[in-house]
Structures are given as structure tokens and as C-alpha cells.
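Please put together the full structure from these sequences, using the hints given.
Chains as they are written, first to last, in the numbering used here: chain U, 63 to 320; chain S, 116 to 850; chain D, 30 to 160.
Hints listed in this document are in silico derivations from the structure and should not be mistaken for laboratory results. A virtual CB, placed ideally from N, CA and C, is assigned to each residue, including glycine. Take the hints with a grain of salt, since some may be wrong.
[What the hints assert, rightly or not] Computed list of lysine to any residue pairs in SDA-like fashion (alpha-carbon distance at most 25 Å, straight line):
(1) S:Lys462 to D:Leu118
(2) U:Lys224 to S:Leu574
(3) S:Lys618 to S:Ser585
(4) S:Lys575 to S:Asp673
(5) S:Lys575 to D:Thr31
[What the hints assert, rightly or not] Which chain D residues stay away from chain S? Per the calculated CB distances, all over 12 Å, these:
(6) Lys48
(7) Val50
(8) Gly52
(9) Thr55
(10) Ser68
(11) Leu71
(12) Ala75
(13) Ala107
(14) Val113
(15) Arg115
(16) Leu118
(17) Glu119
(18) Arg122
(19) Ala123
(20) Val124
(21) Leu144
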Amino acid sequence: CGGGTPTSAEFEKLDAETIYKLGEYELANSRKGADAVTYFSEVERLYPYSEWAKRALIMQAFAYHKDRDYENSRASAQRYIDTYPAEEDAAYAKYLLALSYYDQIDEVGRDQGLTFQALQALRAVIEEYPDSDYARSAILKFDLAFDHLAAKEMEIGRYYLKRNHYTAAINRFRVVVEDYQTTSHTPEALHRLVESYLSLGLTDEAQTAGAILGHNFRSTVWYEDSFRLLTGKGLQPEVKGDGWLAQIYRQMIRGEWM
Amino acid sequence: QSYAFSNVVVEGNQLIDPATVVKVAGIAQGETVSDAALNDAVQRLTASGLFATVELVPSGSTLVIKVTENPTINVISFEGNKRLKDEDLEKVVKSESRRVYSAAQAEADAAAITEAYTQAGRLAARVEPRIINRGSNRVDLVFEIREGRVTEIERLSFTGNRAYSDRRLRQVLETKQAGLLRNIIQRDTYVADRIEFDKQLLTDFYRSRGYIDFQILSVAREFSRERDAFFLTFNVREGLQYKFNRITTVSEYEGVDAAAYADVVRIRSGATYSPVSIDTTISRMEAIALRQGINFMNIEPRITRNERNQTLDVTFALTKGPRVFVERIDIEGNATTLDRVIRRQFKTVEGDPFNPRAIREGAERTRALGYFETADVEARPGTAADQVIVDVNVEEKPTGSLTFGASYSVSDGVGFRIGLSEDNFLGRGQFVSLNLAAGADTRDSSFTFVEPALLGRDLKFRFTGFYSTSENDNSFYSTKRVGMSPSLEFPVSELGRFEVRYKISDDKVYKVSANSSSLLKADEARGSELTSALGYGYRYDTRIGGIDPNRSFSLRFDQDFAGVGGDIQSITSTGLATYQMKAFREEITLRAELEGGAVVTQGGDSRVIDRFSGNGKVRGFEPNGYGPRDLTVPNQDALGGNFFAAARVEAEFPLGLPEEYGITGGLFADIGSVWGLDNTLGGAIDDSMSLRSSIGVSVFWDTVLGPLRFNFSKALQKEDFDQEQNFDLTVSTQF
Amino acid sequence: CTSIYQNHGYVPREDELAKVVVGESTREAVAETVGRPTSTGLLTGAAWYYVGSRFRQYGVRAPEEIEREVVAISFDEAGLVENVERFGLENGRAVVISRRVTDSNVKGLSFLRQLLGNVGNIDASQVLGEN
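Here it is, written out as C-alpha cells:
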């Protein structure tokens, strides 16, 4: 039954199951989910509160998601969670809700606001359905989103470090060390703290930061850098040799900030 | 007593399947259930709104749940609505198709629709919800609407106003008395919250004219019988009009001397009191505090009133405010823009003392970037009592444009044009613009790149490359310029910036028509010559961190020394001074500009492309419309001049049209001249400085494409060989 | 051309610092008289640091720190003030900052996506051929 979606009059004749199957078929085959959405909403309209209507609602959320229409996907998922709280599919709806925030992060990249919402939605899934496979995938995505936040803090910390605002930089790097220890940015944050404290002349604080770095991340390249800094040997050769021309090329053309 | 049911049966449900009913009831199989639990189940079922009637009948070990379902809404429709469209009404109505129909909700929706009509000024509207049965417990919900006539304000009157007449006060209000154009101008319809807004307008009007005690006692509303007309009366108490008397500034912040702040006060004693002048003085004083690096300064205006002679003494007290620091600056909403591009607009660093004025200046600079639809900055309490978190929420807008063009002309064949410009290249705040014009008449291609913060400093690097030819437009000769120019610009003082630049270009004049001036033929004979010039520019602008929002002064002075290699030795200097002020309660903008320039060549004459033309200096003339000309030949081309000077005065004022049209009017008067040639063919060409002047009217119109400016001008003083142009359309870039 | 000065951070004034008594003042007392620190050490119970610096920007050069005052208030295990030290700019070390950055797998806006995003936007200057 190719061609456009049937008009609403034709839908009246079909029963819930056939419309639902049409929707599923449409979802599986077409690249965008928009047509499938019309099928599923018709099922809901004609046969409200039927078993098919329930499944159609969750499929509608998935179709919107596939169509990258995150707002509507969230709305449908939220409607499912409100109307069928005890349903077994509610876990999937919550997961879909979290996914809609999460997928937007990748696309948007820098916006911190979205990352927070993703984290909250993912944590809700992990806490409510700890042993479901949704939780496992949510945990993985939670760590990645968490890493995004840490990256944001680091980006700002380096901005202030580069402009010799050491205390502002220290406060940002301390946030990473205290709130985001599980992320991949902690070793670098500790090294930056060594750099900042040394620049202020607070050698004992620098020593403490270096010790924490050595204790937890001895094998990282960051520890080597800190070790050299603390023992007064200066940085590794490859990091030296940064004339202002190379700096302009790196910053202006390639956009690498440091 | 209690029961234990082995199974539960549902009767009477048509559309809703039993599993859902049991789940909503919340009674599990085999669970011992007391009477109270049964009653809770009933409550839950009725609360769900799904069922008209609910009854639980325990019979032996089975529980029978007898329900009659509420019908579900199949389709919702509206009849009789002309003013408000279906989509607007759908937003207001809460019942939804596919959901359960509830009589109460339908009534609430009807009331909501009536309220929507009241907002639109139709108080006489009536709405009736009606149901059409569609069988198998499904219904259609129809809202029948009778809109009735618009409720207009027949009479708008005031009581207790001695100082200003009813007519004058009516102009102040947004709401208008129903006049002739009543159905075109919507603002004569009665809308409740517009009245609140009017009260505020009236209060501001009186307060800014010295009536410090002005109060609106009440707003009386009477209704005409047919409910289509209104009589509105504002009952006010004006109080006395006060004037400023002694203005003093005193410093209670030790280590701060009040003198610097005192001489920023512009309020003359004897002027009528107005809260606006107090606010501008405070913002001026805040700017001084920021300049002096003084933290936690709080400026309080203490007003003492002497009733006898109705005057006010104002003391601006500089006091030490609470110690508050900026804990964090959080930037959100920047999808493509890098965080640092916004963060570097704020001079305040995290951990610094919190200075509201510095944050406001940062917010203004962020908005001036032009990358954002909105950029609002708020401070909210931080984790500690003396800490504040600054939230910068931006909403981005498209910052680039990409245009393609193809042209075909018999003489020049096919030509293509690609125009790409991006203000926020890759979110790095860099400006890139590339115009490629390939094809027969390669008119002009150019490439511009600007990095506002080279090496992370406040150091703007600009590079422009150009290949432009002008094929006898407004002239009987053609010119070609190929070259490039890098430049660096950096701040040299609080309000001043300095630019150093190098420019190298290969220019030539060619295709000079036979009967043009021999001067031009001499230029053509010189062929293409290389100009290699070092130059500098100084810009002073009080608007960057200016103290006074209503007055601004900007100065530009540039000099280019050609002769660093290349064939041309000359010094080109130009200067532009602009003074702008807002007058008459900031409604009228007055602008005065003075401009001048000189080209001094050593060894050899200046060519027409090196000299100044009259374009854009005195309005009302064609491009190349005035200036020295060789009158002895048929083609009387304008030859430009080694010197030019011009003065322009402009006023811009609202035309009284509603703001949303975005149209304002303007008057302007220009006077100036272009003169001086190295070679006047033995006196044949009059290159004396004869003044040209013109006056004109302009209309500014803010369109979605950008601010357009229509100029209608009339030349007053001109030479008989000048070519006038009475109409001109330009993009009026606000500098 | 003149140079532009900019102050950052905050260091308490002499008379406020005098109120901090070694061996007696607790953290709350210090916070009360002198205010919260600009930054603190890493471990719990670490010292409090107040840093105030003055930057000068001259011409093309980057703003450089010409004055810095660091006041370090350290505490003993009992939480009483152990020592109040002062540092200046000269105690700081010129540290070469490492350029390596941990990859944050946040893809920025690609050139093509931004280019295609602009198709169709016209602004007035192009229409009127303003250059």
C-alpha cells in the first residue's frame, strides 16, 4: 500500500491493528519518521485507550525521534509516562526522553543548558530502572554527557589561565577535580592546578596537587609534565619552540586555543 | 469486613480494555481488601475522569467493577468565529480530540474562549459548547460562537487634571478615543491590561514633569447598554510641581574624593524635577567609579523636599555597598559561538568584585557583536551570601549570507557572481567575506578577513584583498585596482583606538574615450602604477565606554604615506568628526559632521583615481556629479580634487506613526566642496573651491532586510555644470 | 599612546587584616572581618588565598600583570589561624603553560554546515550593492 498516507476517512474503516502495522512498516522502511507519526496518531484517535493506542503512543515518540524532531518526541514520551505510569514501556519512554536531550548535545556541541537536562533525564532512567538494559546504555551516555560538562569547565579554566587570571582558573579546575573526578579531564585539571599555583608562587599547594596527580594518575603524560615543573626542569622539548607566528597560525587558522 | 478476591471482572466498558481499568482501580488479584480500600478504588476510578459512573460489587471471590465510560471526543470544531482563527482558539481550549469528554472541561473551555474575545476587545461575545453523538460512545464537541460588535471607547476623560488638558493627556495614553479611522487603528478597543499600561504612561508623563506626588486615584468604567461602547474616566491627583534647587555630591566612602563625581552632574538648579535626569547622573557616576577601579560603591540620591517654595535638594551620597563578588559567569545558548568570544566581552573576571555597571557594559558589547537575537544578562545569588553568579543567556541568529548571481550582456558575455559573508565564522567571532565575480566583465572581487582578538588580545587584525574594475559608470573612463591591505588595530586609551596598516595596489586608468579631457588621457598614458603605502588611523569614540548615553562624539583621522617603494609618492590624509545628541526627551536625534581631506604629491601629478571625488560628501548630486571639470571638451568628466571639505547637519525624529511600522523622518543640510588640481591645463580648468550646498528630507524605514534610507534633496548653491540627483536610496548603516 | 590599567581580584585592606589574630580567629571570624577568599587550596582545611592584581595593556602587547598581592591565611588542625603571609609578583614563577588539551569529543560547527546554513539569507547591503 504505497503512495501517500490514506485520508482520515479511509482510516475509519481499518481496525487498530492494521493501522498500527502500517505505521510500523512505514517506520521501518522510510528514512524519515514523519509519515509513521500520522499512522500512530490515527490509531490513538480512533481507538483511544486500546492496547494498540498505548503502543502507538510510544512508537509515535520513537518516530519523532527518528525524524530528529526532539521537541515532539519529548512531548509524546512525556504524555506516555503521564498516562501509563505503571506500564512496562514507561522505562523505554523515559529512556527515549533522555535520549532526545542527549542526541541534541552531539548536534549542538557547546550549549551547556541542554547537557544539564540530559544528565537529569539519564539519571532518572538509571535510578528508576537500575537493572534494565536501558539503564546500562543510559549509564554510558551519562558518563559522556558528564564529560561534556567537564570539558566546558576546562575550556573556561584554560581561558582564564591563558590570560594570567590564576585564581579564576584555579576555581574552575577545582570544580573539575571535585565534582567531575570520574571524567577523562581530571588529570589535566590537576596539572593545570600545578601550573596555576606555581605561577602564584604557592609551591606547597602545587606540591599537593602534584601529589594527588601522582597518586591517582601516575602513568599519564600530565603527571610527567607536573613532575618536570615541580622539579624545576621546565617542560618537555616538544612543547617548547612556540614562536608567535606558529601561535597565530594555530589560534587564528586552526582555532586551537591554547 | 475484608474480602480476598481471586479474580476481578470489568463490565460496561466499550473502548477502554479491562487491564487498564483494573490497573487504575489498583486492586491486585488475591490481595485482602477492606471496605476502605474498595472505596479508595472507587475514588481513583472516578478521579481518572474516564468514567461517568463507577460501582464495585464484591460477589463471592470475584470483584465486579461496573462502569459506564465517558464518551471520548472524536473531533473538536468551532462555528461562527471570524475575528479569531481556529488555530488561536485551539490553543485556548483544553479538551483534546482522542481524550475523554467531560462536561466541566467543555464549560471551562467556553469561558476561556469568551475571555480570549474580551482580550480582543469584543466583550459582547457569547460561546455555547454542544455535543453531536457519533455512536460507539464517541462524540464531536462543537463551540458555537456569536462574536458581537467590537467594544469601542466612546469617551476618554480625566478629572483632577489642572496642569494638562484632557486633549494633551489623551495623546499620552496608548488607548485612543474611537475616531474616524476606528477599524484601521486597533487601539481604540477596550482591553483591560492596556489600561494598566496607560496608568504607567500617565504616571511617567507627570513624574518626568516635576509632579513627584502624582497619583492615579481610580479609573471609572461605564458600559453602554448594547455593551459595544465604553466611557473611561481617569481620576488623578496631580500634587505640586517641584523644581531642582541645590544639588550636592558627598562621599561617605573613605578614600573616595567626591569632586570627580560632582562635576559630572548636569542638573541645573531651577530645572523641573524628573527621575530620568537623576538616573542618567547616577549612571555617569557609576562609569567614573568603574574608571577609577573603585569597588562596592553604591550611589544613593537623597531627596529633601522644601514644601514652601516647591523645590527639591538632591544629595548624591557615595556610600560603601556590601562586599559582593562574581563567583561564576555562566554562558548558555551559544550553540555555534565559542564561549571565549562572549566571555572576552566582559572585563569582569570570575572572582572580581561585582560591579553592575561593568556587567551592563559587557552585555552591551555582547549585543553589539550582532550574532545574537537576544542576549540577556542577569545576576543571581551564588553559593555564598556575598557571591553572585552572572547568567548570560544568548539566542543565536543567522549571521551569514550566501548569494549567487549570473549575468549575461551582449557585449561582455556571461558572468557569474558568488557572494559569501559570515560575521561569526565557525563561531570564532571572525568575519569572512568573499565576493567572486568571474566572467567577462570581472567587475569586482574582494576577500576580507577580520580576527577581532589576535593572539587572544584586544588586537584586531584585518586583511582585505581586492580586484575591482569600474567600467565607465558615471564616467567616460574605466579604472582597475588590484591589491591587498593588512592592518592591526588596538586600544590606546579608554576611548581611543589606533590602527597601523600597509596597502599595496596596482591601479590604472584605461579606455579613456577620445573626446575626454587631456588630463585623463595623460593619466591613461601613465599606465598601471604601483602604490605602496604605510598608513595609520586614530579613532576616538565616546560611545564605546561613554559616560553620557545621550551625547556622543567620535573622531577619525587617517594618513597614508605612499612612497615606501612603488611608483607613487604622496601623502593622503582624511579626517571626520561627528557629534550626536538626543534632545527633547530623547525623541529627536541631532547629528553634526565635519569632514576634510588632502592629497599632497611629491614629484608628479595626482591621477584621477588618487584624488577625492564628491560622492557621499554633499548629498543631492549624481555620483561624480560635482567638482572641477574640463569644460573645453565634449565629455565633461568630473576630475575630482586634491582637497575636499564638507559639513553636514541632520535631525531624525518620529513621525507619530506607531512604533511597529518602524518609520521615522529626518531633515538634513549639507555644504562642501572638492577642489585643487596639480595640472589645470594652463588655467583652462577652474579648480577653485566653489561651495556646493543642499537641503533635503529623508525617511528611515527599518525593514527585515536592514535599515533603508530614502533621501529627497534639493541643491541650493551649485555650479551650472553640476549634475543634480533629487532622490537616493541607501542602506543607512548606524555607525 | 597611553596604557590602559585594569584591576582584578581583591585583597583586604590593612586595617581589616589587622583584625585577624594568629592562633585565635576561626574561619568564620576571618570570613566575617575580611570576607571570603578569592581561592583556596585543594584539600579540606587548606589555606585561604586573597589575590589582587593590576594589569597594564600597552599598544600591541598583551595585557601584562604589573602588580600582584597575595595574602595567604593558613589554618592549623583546630581551624585557628596559623599564619598570615604576604606574597608579591616576584614570588610567582613564570610557568610555560602546556598546550596539550584533552580531547572533549565535542564536534564544533563544521564549515560546510555553516556555509549551507546561510543559503538564502540576504542582507540589504548585498541587494543595494553597497560595498
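Hints and how they fare:
1. S:Lys462 to D:Leu118: holds, 22 Å
2. U:Lys224 to S:Leu574: Cα-Cα ~16 Å, so holds.
3. S:Lys618 to S:Ser585: With Cα atoms ~20 Å apart, S:Lys618 and S:Ser585 stay inside 25 Å; holds.
4. S:Lys575 to S:Asp673: holds, 17 Å
5. S:Lys575 to D:Thr31: The hint holds at about 18 Å.
6. Lys48: holds, 14 Å
7. Val50: It holds; D:Val50 is separated from chain S by about 21 Å at its closest Cβ, greater than 12 Å.
8. Gly52: Answer for D:Gly52: holds, closest chain S Cβ roughly 25 Å.
9. Thr55: holds, 17 Å
10. Ser68: violated, 7 Å
11. Leu71: Answer for D:Leu71: holds, closest chain S Cβ roughly 17 Å.
12. Ala75: holds, 17 Å
13. Ala107: Holds: least Cβ distance 23 Å, greater than 12 Å.
14. Val113: Correct as stated: the minimum Cβ-Cβ distance to chain S is 19 Å, above 12 Å.
15. Arg115: holds, 19 Å
16. Leu118: Per Cβ check, D:Leu118 is outside 12 Å of chain S; nearest 17 Å; holds.
17. Glu119: With a cut-off of 12 Å, D:Glu119 remains clear of chain S, as the shortest Cβ separation is near 22 Å.
18. Arg122: Non-interface label stands for D:Arg122: nearest chain S Cβ at 21 Å, farther than 12 Å.
19. Ala123: At roughly 17 Å from the nearest Cβ of chain S, D:Ala123 sits farther out than 12 Å, so the non-interface label holds.
20. Val124: holds, 17 Å
21. Leu144: It is violated; D:Leu144 is separated from chain S by about 7 Å at its closest Cβ, not greater than 12 Å.
Consistency with the previously given hints fails for numbers 10, 21, ordered from lowest to highest.
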